[in-house]
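Chemist: Next come the chains, spelled out residue by residue.
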Amino acid sequence: MRPVSSWGRLSASAHDVVSFNDPGQIARLVASHPGGIAHGNGRSYGDVCLNPEGVLWHTIGLDHFIAFDQSNGRLVCEAGVLLRDIQRLVIPYGWILPVTPGTQLVTVGGAIANDVHGKNHHVLGSFGDHVQRIRLLRTDGQSIECGPQEQADWFAATVGGLGLTGIIVNAEIQLRRVAGPWLDTETVPYANLDEFFTLADDSEAAWQHTVSWIDCISAGGRGLFMRGNPTDVDDRPEPKGRKRTMPVVPPVSLVNPLSLRAFNMAYFNLKKWQAGRAVSHYESFFYPLDNLLEWNRMYGPKGFFQYQSVVPREVGQEATQAMLAEIARSGEGSFLAVLKTFGDRKPVGMLSFPQPGVTLALDFPNKGDQTKKLFERLDAIVRDTGGRIYLAKDARMPRELFEAGYPHLNEFIKYRDPGISSGLSRRLMGS
Amino acid sequence: MAEHCARLWVHGQSVDLTLVGRDASRVERVAADLRVRSPQSEIRIVQSDFLDTKAIRSTVDAIVTQGDVDVVLIVHGSLPAQSECQDNLEVCSDALEVNGVSPVLFAEAFAKHMGKANSGTLALIGSVAGDRGRKSNYVYGAAKGMVTRYAQGLQHRFAGTGVKVVLIKPGPTETPMTAHLKGQGPKMASAEEVAQKIVDAVDRGQLVVYVPGKWALIMMIIRHLPSFVFFRMNI
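Here the protein sequences come in this chain order: B and L.
When the letters of the first sequence are read in order and numbered with our numbering, they come out as residues 1 to 431.
When the letters of the second sequence are read in order and numbered with our numbering, they come out as residues 1 to 235.
Read the hints as simulated data drawn from the structure, not as lab findings.
Take the hints with a grain of salt, since some may be wrong.
Chain L is nowhere near these chain B residues, computed Cβ spacing over 10 Å in every case [said to hold, decoys possible]:
#1 21
#2 61
#3 70
#4 89
#5 151
#6 153
#7 208
#8 270
#9 343
#10 361
#11 380
#12 417
Among chain L residues calculated to face chain B with C-beta under 8 Å, some are [to be verified]:
#13 24
#14 25
#15 26
#16 29
#17 32
#18 33
#19 36
#20 37
#21 179
To give a feel for the contact side, a few chain B residues facing chain L, derived at Cβ under 7 Å [what the hints assert, rightly or not]:
#22 65
#23 66
#24 68
#25 72
Yeah, the Cβ is synthetic: ideal placement off N, Cα and C, and Gly gets one too.
Using the sequences and the hints, build the whole thing.
Modeler: Right, here's the structure in full:
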């Protein structure tokens with residue numbers, strides 16, 4: 001047994017960790033260490049990848065490519081391969097992962113199980129939209145091949161299925177053509193939410209990637225809208241990609257009301273100064289935080305919460321305004337506040353997070369009850385508007401909000417593997 | 001460890017690589033991965049017994065008939081529980097053979113060909129455990145100590161020739177072999193990090209290299225501790 005934390009560092013419970021290094025050995029290890037949950041690179045924030053006092057099946061050793069067809073962009077790989085390794089392999093051949101989240105340090109298995117999304121949801125949907133086939137191993141030894149056409153029910157349960165339908169052993173992904181590693185980008189400052197929504201509406205047709213940083217302590221909701229399109233410039237040297245590491249866990253969170261005010265003001269004005277068109281490398285545009293390794297340490301020993309919700313577009317502006325007002329009232333603040341519109345697309349998985357609307361992601365240092373009280377007020381807004389909270393980031397939402405937000409839950413339950421359990425599944429599904 | 005070295009060797013270049021392993025299906029999985037990473041490279045696999053001298057000889061002879069070898073990296077090993085080695089002579093014997101005798105036999109078989117060709121780099125994996133016998137793993141340490149002495153001798157034999165012999169001594173590294181030790185004691189080095197150091201050492205033809213480098217200092221101290229201090233330590 002050893003302590004394991006997820007990315008939010010909210011807990012460090014003991015886990016019996018078992019490493020999968022060979023797909024042929026998984027069934028044997030699962031039989032000798034039952035009742036676990038697959039754990040990839042541990043980048044989800046809450047308890048979806050944890051199983052306190054129980055078994056964790058580490059999949060990071062399943063890091064082998066199986067096949068890559070350069071002519072049609074089909075890639076088959078084991079579940080523990082990092083998205084970073086896929087990007088580095090395929091981009092030189094003119095292919096790219098169609099959808100990637102804000103960090104490339106996640107595994108393929110984790111990306112499927114949480115059906116992650118990126119800045120281009122309005123064009124290409126979520127990660128699961130591009131998965132062609134999944135090999136799933138049930139803890140009773142049964143092996144299931146599923147995809148959008150074959151065994152489509154198993155596929156819909158497994159994409160976004162939080163690792164609860166079986167162990168994802170390998171997957172086939174359809175990549176997308178790309179000219180090179182560069183993007184044509186534009187940063188546009190906005191003064192309030194009205195301007196944000198106008199920018200979002202105007203950008204969706206012409207820009208593949210859109211996202212915005214919002215200054216959540218400003219009254220009106222000012223921020224920076226960033227949009228990008230792949231470009232074929234090829235005369236630039238690759239960036240050096242210098243990595244820095246947050247060297248220690250400071251005794252208190254470095255993110256506090258005082259530092260936040262200074263941070264946000266400096267960040268907004270600096271970026272406003274640099275606003276306009278630029279050519280960016282995909283790593284710095286998609287994964288700005290990956291260059292600061294272990295950045296989650298800056299919230300101190302108590303860790304931090306992410307609160308990511310999506311609410312329908314019709315009520316998106318009022319709901320976002322109301323949430324920002326609650327945050328301002330609470331005196332808490334979030335530095336990594338991200339506001340983005342999702343496209344009007346049907347989700348792939350039964351428990352997939354993205355739905356048509358507006359998503360707001362916020363992070364808060366863990367201050368115990370004070371933070372939880374704020375979340376309750378935010379929950380009320382999400383509940384009233386028919387929204388939902390992202391399970392990959394959640395560590396605390398009440399069960400009734402989960403049930404209200406995920407209407408296909410009852411259907412999903414039928415596909416659960418009774419030999420798999422996580423902290424999140426016990427908290428929100430009772431087993 | 002060997003696999004991460006291979007990933008570095010095939011990265012962005014075309015190489016001829018032969019993988020030798022005990023379990024054909026496991027080697028095939030590694031080969032498929034390397035072929036995806038480097039479609040232009042030639043990746044062959046050979047299954048061999050690692051303890052049978054005839055099998056080792058014929059495996060090595062077959063490989064060198066494909067052409068002169070530039071680099072040989074011998075990495076195989078297993079980490080036995082010291083207590084089991086003490087209780088069961090069979091486990092003890094296996095540990096000595098797999099970690100000591102077998103790598104030496106492979107190296108000796110290659111050395112014959114490389115000496116004739118007067119070129120190539122032969123890299124062996126020793127261990128910090130081979131530097132001084134400690135009660136916690138002296139059987140494994142004895143086998144690795146054998147590799148160390150053997151490498152020294154081979155370096156002497158090939159001094160002034162075109163053949164280079166590199167001895168790598170990793171500290172505790174995160175590999176399948178040490179997965180059960182993770183989380184106990186100090187943080188282990190990652191296999192990628194160690195592989196990068198191995199590849200660099202092979203490029204330079206360095207005689208002895210500790211990875212990570214701090215182990216050179218740690219082991220120098222451990223080697224020189226007087227017995228009356230050393231015997232009080234629980235290491």
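Chemist: All hints are to be evaluated individually against the structure, with a verdict given for each.
Modeler: Here's how the hints hold up against the structure:
1. Against the 10 Å criterion, residue 21/B falls within the reach of chain L, whose nearest CB is about 4 Å from its own CB.
2. Under the 10 Å C-beta cut-off, the non-interface status given to residue 61/B relative to chain L is violated; the minimum distance is some 7 Å.
3. Listed as outside the interface, residue 70/B is inconsistent with that label: its C-beta sits roughly 7 Å from the nearest C-beta of chain L, within the 10 Å cut-off.
4. Distance to chain L contradicts residue 89/B as a non-interface residue, since its nearest Cβ pair spans about 6 Å, not more than 10 Å.
5. At roughly 25 Å, the least C-beta separation between residue 151/B and chain L is larger than 10 Å, which holds for a residue marked as non-interface.
6. Every beta carbon of chain L lies more than 10 Å from that of residue 153/B, the smallest distance being close to 30 Å; the non-interface claim holds.
7. With a cut of 10 Å on Cβ distances, residue 208/B stays outside the contact zone with chain L, its closest approach being about 27 Å.
8. The Cβ of residue 270/B lies farther than 10 Å from every Cβ of chain L, with a closest approach of about 35 Å, so its non-interface assignment holds.
9. At roughly 32 Å from the closest C-beta of chain L, the C-beta of residue 343/B stays outside 10 Å, upholding its exclusion from the interface.
10. Chain L leaves residue 361/B outside its interface by the beta-carbon criterion, the shortest separation being 30 Å against a cut-off of 10 Å.
11. Separation of residue 380/B from chain L is adequate, the least Cβ-Cβ distance of about 41 Å exceeding the 10 Å criterion.
12. With a least beta-carbon separation of about 24 Å from chain L, residue 417/B lies farther than 10 Å from that chain, consistent with its non-interface assignment.
13. The restraint placing residue 24/L at the interface with chain B is violated, with a minimum CB-CB distance near 12 Å, outside the 8 Å limit.
14. About 7 Å separates the beta-carbon of residue 25/L from the nearest beta-carbon of chain B, less than 8 Å, and the hint is met.
15. Taken as an interface hint, residue 26/L checks out: its beta carbon lies about 6 Å from the nearest beta carbon of chain B, inside 8 Å.
16. Annotation: interface hint on residue 29/L holds; nearest CB of chain B at approximately 6 Å, less than 8 Å.
17. For residue 32/L, the suggested interface contact is upheld, since its CB lies about 6 Å from the closest CB of chain B, less than 8 Å.
18. With its C-beta approaching chain B no nearer than about 4 Å, residue 33/L sits inside the 8 Å limit, and its interface hint holds.
19. With a least beta-carbon distance of about 4 Å to chain B, the hint placing residue 36/L at the interface is held under the 8 Å criterion.
20. Of the supplied interface hints, the one on residue 37/L holds, with its beta-carbon coming within about 6 Å of a beta-carbon of chain B, less than 8 Å.
21. For residue 179/L, the shortest C-beta to C-beta distance to chain B is roughly 4 Å, which falls under 8 Å, so the interface hint holds.
22. The criterion of a C-beta within 7 Å of any C-beta in chain L is met by residue 65/B, whose closest approach is roughly 4 Å, and the hint holds.
23. Because the beta carbon of residue 66/B sits about 6 Å from the nearest beta carbon in chain L, less than 7 Å, this interface hint is met.
24. At its closest, the beta carbon of residue 68/B sits 5 Å from a beta carbon of chain L; the interface hint therefore holds under the 7 Å criterion.
25. This hint is violated: residue 72/B has a C-beta 14 Å from the nearest C-beta of chain L, more than the 7 Å allowed.
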